[in-house]
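Chains as they are written, first to last, in the numbering used here: chain A, 1 to 408; chain B, 409 to 820.
Hints in this document: simulated from the structure, not taken from any laboratory. Cβ coordinates follow ideal geometry from the N, Cα and C atoms, glycine included. Worth double-checking, as some hints may not be accurate.
[As the list claims (entries may be wrong)] Just some of the chain A residues that point at chain B, by a computed CB distance under 10 Å:
1) Val38
2) Ser40
3) Thr107
4) Ala118
5) Thr132
6) Ala157
7) Ile247
8) Gln317
9) Thr365
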Amino acid sequence: MTDNRVVITGLGVVAANGVGKDAFWRAITNGVSAIREVTSFDTSDLHTHLAAEVLDFCPERHIHRRPAHSMGRAAQLAIAAAREALADAGIDPQRVNPERAGIVVGTTQGEAYDFEQALITRLKEGYDKLTTAEVRRANHGAIINHMAAEFQLYGPAVIVATACSAGNYAVGYAGDLIRLGRADVVVAGGVEPFFQTPFVGFNRLGAVAPEMCQPFDLNRKGAIFGEGSGFLVMESLAHARKRGAGIYAEFRGYALSCDAYHPTAPDPEGRQAALMIRQALSRSQVAPESVNYISAHGTGTKANDRVEARVIKDVFQANTGRIPVSSIKSMIGHTMGAAAAIEAVCCVLAIQHGVAPPTINHFETDPACNIDVVANVARELPIRVAINNSFAFGGNNACTVFSRFNQP
Amino acid sequence: MKKIVVSGIGCVSGVGIGYAELKANLLGGASGVRELSLSLMEEDGPDRRMAAEAPELNFKELLPGIDLKATDRATQFVLLAAKLALEHAGLNLEQLDRSKIAVALGTAETGYTSLARFYRDFFERGAWQANPIMFANTPINVPAARVAMYFGLRGPNATISNGQTSSLKALAYGCDLIRLGQADIALVGGVESLSPETYYAYHKLRALTGQKRNGGWRCAPFDAGRNGLALGEGAVVLALQSAERAEATNSPQLIEIAGFGSGWDGPSRVNGRALATAIENALAEAQARPCDVDLALANANGSIAGDRLEAKALRMVFGSHHSELGVSAIKAATGEMRGAAGAMQTAVAAIAIETGQIPPTLNLRAPDKALPPCRISSQSLPRPITTVLINTSEWSADSFSLVVRRCEDLRG
């Protein structure tokens with residue numbers, strides 16, 4: 001079995017409450033929210049005005065080989081987190097086989113922030129004023145092109161665009177690429193810039209909370225959106241051993257499913273989601289009883305949280321009350337295609353530090369969500385197995401499973 | 409490794425709807441590239457507007473129960489392509505475990521059309537006038553999710569958005585899902601829809617035919633006098649399953665998916681090296697030698713620089729040892745279908761293998777001298793074809809190739 005094992009050896013994060021994994025983990029475990037008034041556009045004609053923007057991000061600090069302005073914001077955010085993860089893992093492009101080092105990126109809308117900027121130019125100044133640089137920045141496909149060039153890693157590279165579960169799809173596929181022998185090491189994660197279209201769109205759908213994001217709380221009023229990126233360096237155990245890498249945790253497995261129910265709403269019974277979590281556990285050879293942390297999708301919308309709690313109870317039955325559950329979206333907002341990846345980083349850090357991060361703004365648990373929410377304050381406890389849920393637009397469900405790394 | 413075969417093919421394109429029509433039109437030398445219908449275009453953009461637009465279709469009739477108001481063009485294309493692929497494969501969903509059917513689609517620009525319309529709406533009329541249904545179509549994964557909803561497919565549901573390489577990477581993803589036991593059947597392919605924004609983007613990049621070399625409108629891949637590409641749109645869906653399952657269920661086995669390979673130009677940035685590496689890796693995975701390849705279905709679309717790099721890549725791999733190599737670039741017929749292009753080339757590979765014809769490279773007068781000695785023509789050429797190479801390349805850097813084979817050979 002050692003042949004097949006995939007381990008996590010590096011982590012990187014750009015989130016609104018912390019750029020860099022250490023700053024992020026400090027903020028997350030201290031319950032620091034980064035949700036504030038939107039700065040990047042005018043929200044005055046909408047009912048809500050809050051988001052979790054990454055305000056202190058300086059792309060030039062993270063991008064060395066190409067001019068930062070030659071790429072879209074998604075590529076910039078992705079390079080920053082992936083650079084940190086690769087450095088953290090001690091991956092030196094000169095000392096790994098670059099053709100066996102892959103890149104997998106999850107996203108909902110890719111470079112749509114830059115597409116929107118180009119639209120604004122066109123609508124305000126006319127087609128003639130649009131520049132070729134603006135057009136090039138809006139190409140999703142360029143994200144991994146810029147990443148490969150930046151890190152000089154030339155293995156299999158894919159952008160998986162499966163909405164808000166994309167980060168989990170990316171981590172899962174990275175594990176497959178390693179297990180299928182196509183790569184020794186993969187930097188995998190997710191990225192999403194914040195922009196106006198989804199902010200207006202989710203406002204129109206009535207999905208945005210006006211004051212705070214309160215996952216699983218009785219009085220929750222919706223999601224609040226954010227931006228960022230999270231990346232993990234995943235590699236075969238053999239490869240990690242050979243280069244003497246430090247190991248954070250083990251990636252055990254994952255599963256995917258689709259509700260095939262509604263474009264924007266989850267199946268109220270969560271049938272496919274429950275089936276999928278069971279599959280993820282069995283593929284990971286993990287008994288439901290041994291799970292001791294659940295990183296929830298927990299968007300803070302009425303529908304998601306109710307269905308998710310139902311699914312958790314359905315899968316874990318009598319054990320449900322003994323498994324702490326948290327949604328860090330209460331602090332960094334819903335970062336869409338980056339969410340599951342940042343939450344995967346969080347699961348790994350939770351295992352490493354033995355700390356379950358809090359769900360802030362949680363005052364009164366919704367009786368329909370009677371699960372063990374880590375309310376407001378982080379909880380110290382040994383975490384052996386953590387699972388990471390994501391339930392996306394389009395009914396795309398994905399769940400990844402991480403465990404403490406035990407020497408064989 | 410488990411053998412994966414294509415059991416059915418469905419397509420919507422400017423050059424044909426469904427496998428049979430595509431086959432007849434493509435081999436007959438028809439092109440879908442024509443003057444664009446004005447409904448797609450707006451006033452302030454470029455004035456010459458040619459592309460391989462999909463024909464007007466009665467989706468209400470073709471797709472019973474479809475919600476035409478809630479679905480965008482890309483979704484409509486792909487639902488029809490998926491339906492045609494299922495029919496072609498003889499798969500009856502009523503008799504299948506639909507939690508074991510996956511969807512994996514590639515697309516480069518889907519979502520931008522709806523995003524532009526939604527943004528324009530709230531920019532011009534205010535946030536409360538914008539249509540939220542349009543917003544629901546902005547995520548890149550909407551067409552794949554809609555396929556799942558329309559057909560009740562509850563397996564993994566993936567969308568790959570990787571520019572030109574998108575649909576071949578979606579094919580690879582679908583094969584892996586089957587190999588790893590996450591699905592029994594995978595509907596894979598690609599989709600792209602034309603919009604003013606994408607059209608103007610390529611115009612702005614001066615990538616369209618007629619914008620350079622004053623040659624006028626002539627999309628002529630690999631021609632020495634080529635002057636740019638023509639865009640296309642549509643959807644191609646292939647029904648994949650293991651050869652074992654196809655055998656057991658007596659399903660058609662059109663072609664075998666033999667091997668994928670990816671390639672980058674790397675720090676040395678040798679021209680053509682990215683694609684040559686992808687081709688070599690795909691051949692290695694397929695356990696094939698360069699001389700086994702009967703036909704290369706090229707990424708070439710008429711781009712002055714891009715076609716040159718592909719010609720060099722073909723020369724690097726096939727050298728002068730394989731003058732019998734067939735080469736065909738179909739994008740003068742289908743238009744540049746971007747995220748759906750690789751799936752379209754795969755569909756055409758099945759046509760070439762079935763009919764023993766090298767498909768025409770339209771508008772070819774004098775082949776680019778960078779090409780290795782090969783058989784390429786503006787008309788169909790007869791030739792027994794067993795092994796086909798398919799190339800895709802995103803701006804000549806991120807390259808991804810596929811080798812497919814005739815199925816009978818496997819049975820001996």
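Verification of the hints:
1. Val38: 13 Å, violated
2. Ser40: Violated, about 15 Å.
3. Thr107: Cβ of threonine 107(A) sits 8 Å from chain B, so the hint holds.
4. Ala118: 8 Å, holds
5. Thr132: This interface hint holds because 6 Å falls under the 10 Å limit.
6. Ala157: Where the cut-off is 10 Å and the nearest Cβ of chain B is about 7 Å from alanine 157(A), the hint holds.
7. Ile247: 24 Å, violated
8. Gln317: The hint is violated - glutamine 317(A) has no Cβ within 10 Å of chain B, the shortest such distance being about 22 Å.
9. Thr365: Because about 31 Å separates threonine 365(A) from the closest Cβ in chain B, which is outside the 10 Å limit, the hint is violated.
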